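Q: Listed below are the residues making up each chain.
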Amino acid sequence: MEQVLELKHIHYAYHTLEGETPALTDISFALNKGEFVSIVGPSGCGKSTLLSLIAGLLEPEKGLIKINGKYFKESTTNVGYMLQHDELFEWRTIYNNVILGLEIQHMLTARTRQRAHDLLDLYGLRQFEASRPSELSGGMRQRAALIRTLVLEPDLLLLDEPFSALDYQTRLTVGDDIGQIIRKEKKSALLVTHDLSEAISLADRVIILSGRPASIRQTIPLIFDLDADTPLNRRNAPEFKTYFNLIWKELNTDE
Amino acid sequence: MSNLSTGQQKYLLMHRKHKRIVRISRILILLSFLFIWEFTANTGIIDSFIFSSPSKIALCFFGMLMDKSIFLHLGVTLYETILSFLLVIAISILMAVALWFSSKLSEILDPYLVVLNSLPKSALAPLLIVWLGATKTTIIVAGMSVAIFGSILSLYTSFTTVDPGKIKLIYTLGGNRFHALSKVVLPSSIPAIISNMKVNIGLCLVGVIIGEFLAARDGLGYLIIYSSQVFRWGGILIQSASMSSRTIKVTPVFPILLSRLFP
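Heads up: the sequence lines are chains G and S, in that order. Residues in the first sequence are numbered consecutively from 1, following our numbering. Residues in the second sequence are numbered consecutively from 256, following our numbering.
No lab work stands behind these hints: they were computed from the structure. Don't take each hint at face value.
Calculated cross-link-like contacts (lysine-lysine; reagent style BS3-like; alpha-carbon spacing at most 30 Å) [said to hold, decoys possible]:
(1) G:66 x G:184
(2) S:421 x G:70
(3) G:66 x G:8
(4) G:241 x G:184
(5) G:184 x S:421
(6) G:62 x S:421
Derived DEER-like restraints, expressed as beta-carbon distance ranges [claimed, not checked]:
(7) S:371 x G:20: 31 to 41 Å
(8) S:363 x G:131: 40 to 50 Å
(9) G:167 x S:365: 41 to 51 Å
(10) S:371 x G:124: 40 to 50 Å
(11) S:375 x G:131: 46 to 56 Å
(12) G:248 x S:415: 41 to 51 Å
(13) G:127 x S:258: 23 to 33 Å
(14) G:236 x S:258: 43 to 53 Å
Just so it is clear, the structure is predicted and the values come from calculations on it, not from any experiment. Beta carbons are placed, not taken as given, at the ideal position from N, Cα and C, and that holds for glycine.
Model the full structure from these sequences, guided by the hints.
A: In C-alpha cells:
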C-alpha cells in the first residue's frame, strides 16, 4: 500500500534558558493513502508538536519525515493543516477566507475559484459566501475552515483538535460532518485529540502516546461491522465501548 | 416603513428625543458660557483687557476675515500640520514593520525609542532652529518630533499583539513572513492605525504650533506669539478656538480615506 506519510525515529525538544524539555522521543509510524489515524495521549505530551513537525513548521532534531515518499523540503504544498480554532479573518468574507491559501500560493485561477465555489456549495455554505465569519455558527465556521484547507487539494490532512473549541452538541454533529467530508474526498488524515470517543468514532487506527516526553505506547486498529460507517453510527456500535475501555486502560497504565 | 410595531415606534421616538436633548444641551452650554463671559466682561466683574470678551473676539476675527490675513495663517499651519502628519504616519508604519520583521532590531532599539519618546520635544524646538534654520522644514520636523516616537511604539505594540494562531494559519497555508504581514498583521491593525492617526493629527498640530512660536513669519503659532506681544488676547483665543475646531474637522477625514483604501 502506498504511504502518504512516514516518520522514522523522530526526536524533538524545546529549549529555554532554564533548560531543555524533551517533547518527543523516537516516534516512528506511517500513514497509508486514504487512511484516517487518530493520535491520543495525555494533555501536554507533545501531540501538537508532532503535527507542527509534519507540517514543516518545526524541524525535528533527529529523524526523518517523508511525505509521499519525498523529504519535506521537496514537497510542502500538499499537507493541509486544520487548527484548533477556525482562525477565519473577520475582515474577509467567507469566500475570501476560503481562497486565502490559494492567494498565498499563487494558485488563483478560474479553475481553483470554481472549486472553492463548488466546495462551499457542496457543504451548504453557498448562501454565506459573502457573509462575514461572525455571522456563521461555530459548526459552519469550522466547515469553512475545512474547505479553506481542502481547496488546496492536500494529499494529507492534519487535524489539531479541530472540534475542541465547540460545545458538545455541535462537536458531535461537526465531527460527524467533517469526518464524512474527509472520507468522501478520500483524504488521508491524521487527527490529534484528547477526546477518546472522538478518536474512536473517526479513525481507522488509534496511536496511543505516553506522557511527556512522548513515545508511541501502542497502536490499535479499529474495525467496525457497520452498514453505514459514520462517526455517529460508530458511537452506538457495541465495539465502541470495547475500544474505549481498551484505550482508556492503555492510557492510564503506568509504565 | 409605516408598518412598524408600536414598540418599535416608541423606541425610535425615545431615541430621537435622547439625541435632541444631547444636541440642545451642548448648544446651551456654549451659549451660556459665552453669555456669562460677555456679561461679566461688560459689567466689569472681570477685566476685559486681560480676559477679552466674546464681542471683542468676534470683532477681531471679523477684522482678520476682512483683510484676509486669517486665511494665510490658517492655510500655512494646515499645510505644515498635514505634511508632518503624513510623514509621521508613513515613517512610523515603515519603522513598525521593520521592527516587527526583526525581533533583534526591536530589542536593540527598544530603550532608544522609549527615551526618545519621553524626551520633552518642545525643548528640542530651539535646537532644531539652530540645526535647520528658521524655515518651514524646521516647523515640519518639530511637528513630527512630537508624534513620531510614540506612534512607532504604539503601532509596533499593536503589530506584536496580533493573534499568533492567525499567523500560524498563514504558515500552515504555505505562507512566509511577508504573507503574515500583508494578510494578517496589517489588516488586523487597521483599527489601531486609525486611532493612532487620530492622536497624531493633534500632536502634529501641537508640534507645528511650537515650531511656529519660535521660527515663523506666518501661521497660527506666529499669530499667537504676535498677538500676545501686542496684548491682543482676543487674537490668541481665536487661534486656539480655530485650531481645536479644525482638528475636529480634519480628524475624521483620514480614517474615512483609509477605510476606502482597505474595504
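Q: Tell me, in ascending order, the numbers of any earlier hints that this structure violates.
A: The structure breaks only hint 10.
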